[in-house]
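Input sequences plus hints: build the corresponding full structure.
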Amino acid sequence: MTPASVAAAFAVGLVLAILLFLAVTSYNAVMSLRQRIDKAWANIDVVLKQRHDQLPALVSAVRGLMSFEQDVLTEVARARATYSPSEPIPEQAVHAEATSRAVRSLFAVVEAYPQVKSDANVLDLQNEIERIEGMIADRRELYNDQVYRYNTRISTLPTLLLAPLFGWRSREFFAADPSELPRPATDL
Amino acid sequence: MRRVELPFVPQVALLAAAGVLGGLWLLARGMRGYATATQLGDTATSRIATLAAGEVQVSGVIEPAELTLISALQSSPCVYYRSTIGPAGEYPEVAHEFEEERAVGFRIRDQSGDLRIFPRGARWDAPMRYDDSTGLMGDEPPGLAFRTGPAVSTAELDRAAAIAALTTLPTSPDFDPLAILGGISDRYGRGSGQRRHYREERLEPGDAVTVVGRALPFGDLADPAEADIAEGSLAADDPEVSGDIAEARAAGLLAESPEEAWGNAAIPGFGIGRPTRAPELDPAADRSALATATEAAQAAARFSIAPETLILASTPDTPLLIASGVPQVAIGRQQQRFIVGLLGAILAIGSAMVLALMIAGGVSR
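Those protein sequences? They're chains D and R, same order as listed.
Sequential numbering of the first sequence, starting at 1, is according to the numbering used here.
Sequential numbering of the second sequence, starting at 1, is according to the numbering used here.
No wet-lab data here; the hints were simulated from the structure.
We put the CB at the ideal spot given by N, CA and C, even for glycine.
A few chain D residues facing chain R, derived, Cβ under 10 Å: (1) Ala4; (2) Val6; (3) Phe10; (4) Phe21; (5) Leu33; (6) Val46; (7) Gln146.
Okay, here's the thing in structure tokens:
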């Protein structure tokens with residue numbers, strides 16, 4: 001081999017090494033992103049389950065004190081019953097959002113009952129559920145951010161070239177379509 | 001076919017060889033930067049208050065925990081520093097005459113709360129805070145203030161110490177602080193005629209920082225004291241040393257408590273400030289002032305963290321990455337390194353071509 005062909009081989013080898021590095025890094029990045037999305041979803045699922053377990057205690061605690069507000073309590077119970085961890089993510093998002101709305105309505109009604117609001121047990125449960133609601137909101141944001149990063153990565157170079165080879169597809173956000181949310185009853 | 005002759009010039013050949021090596025070094029550095037940028041860019045930033053266990057990225061402002069470090073070259077309070085002294089005018093600086101890297105545990109705070117960071121085993125991307133050289137006349141650069149006291153300090157200075165720090169000159173004219181920094185002044189200090197290049201990277205309280213790592217309950221940390229301090233020269237990281245320690249532990253050769261192993265040195269504050277309890281000293285030795293109740297409580301509370309509280313620390317599969325700035329800034333810096341790395345590849349290829357042509361004696365056209 002002449003020195004010139006050695007130099008040419010060096011140049012080609014270096015370019016190939018850079019391309020291989022980009023391909024391997026991109027593949028690993030996508031795999032990591034998928035794992036992070038799954039983990040972020042699992043973390044949402046944990047708090048959804050926590051809320052599902054806590055709501056009956058809150059409803060029981062306020063039921064006796066708010067006997068005139070059965071509609072609100074029924075709505076919370078109905079929304080809670082829709083929780084199903086095996087459903088696809090968009091459906092779960094719709095149900096989770098509906099439950100959050102029902103819980104917010106309940107808290108708004110509780111404000112009108114000073115004797116309910118001052119009950120220590122109700123107050124504890126309310127604080128706990130508010131904490132869980134906050135966690136759901138934060139973790140949903142984190143999940144959606146992670147999905148956004150994944151979707152962006154597989155649709156931009158150089159990963160875009162690998163996506164068809166490995167069958168990578170966009171993931172769905174944890175967001176409720178407003179048209180699918182139950183509308184509050186209004187009398188005009 | 002016409003042949004263009006290219007005579008072999010040793011100086012140019014040497015330059016070309018250096019170009020190949022330098023280009024490859026830049027490329028390797030750029031690739032590392034690309035991998036880091038990918039890691040930072042692909043991890044969503046969590047809010048500290050609602051953090052879940054596992055791999056996370058948090059971003060916020062550094063708050064000192066119980067201790068801060070005093071940097072070697074500028075005596076600045078910080079949680080991480082890497083100081084080097086090398087010969088001036090040599091790039092890249094491969095061999096440093098003096099190199100010291102240290103970190104101590106700190107907190108990171110965002111709008112929702114704070115989180116304790118145990119930095120041992122972390123990869124750092126800290127800003128260069130000091131980069132200057134000895135002048136042509138041998139005068140030291142402005143801003144150089146060698147550390148003359150202990151390398152660690154309590155995070156909150158008391159009033160008396162703060163006044164003393166403001167009203168005391170750090171060095172006396174006869175005092176050579178380089179002697180403290182590893183005794184390098186003998187072979188490399190003043191009068192040697194050689195100019196020095198001083199560099200210091202630091203992360204200080206109040207700096208914005210992005211940390212990627214594994215959040216785990218404090219109770220899962222095997223040795224909080226060890227995880228809280230990172231020193232570049234600590235030999236315990238060596239697998240052979242770790243093996244020897246494990247063997248000694250199994251044979252019952254290790255002391256049961258820090259007091260038994262180190263005596264007075266196990267007392268918080270001993271030798272670096274005010275000890276939290278009276279040490280056992282030779283009767284002729286000077287009695288050191290004891291710490292106040294507040295300082296003693298602060299030292300005792302160093303690891304009074306509930307076992308279930310999440311902290312960030314390096315694990316064997318996920319080393320911590322601590323980068324200066326908010327995520328976008330840290331990513332931008334790493335991407336810049338990658339671009340420089342690609343230019344390095346072009347430099348390496350070009351230099352290899354020149355070298356090959358010189359060895360071949362020319363090119364036929």
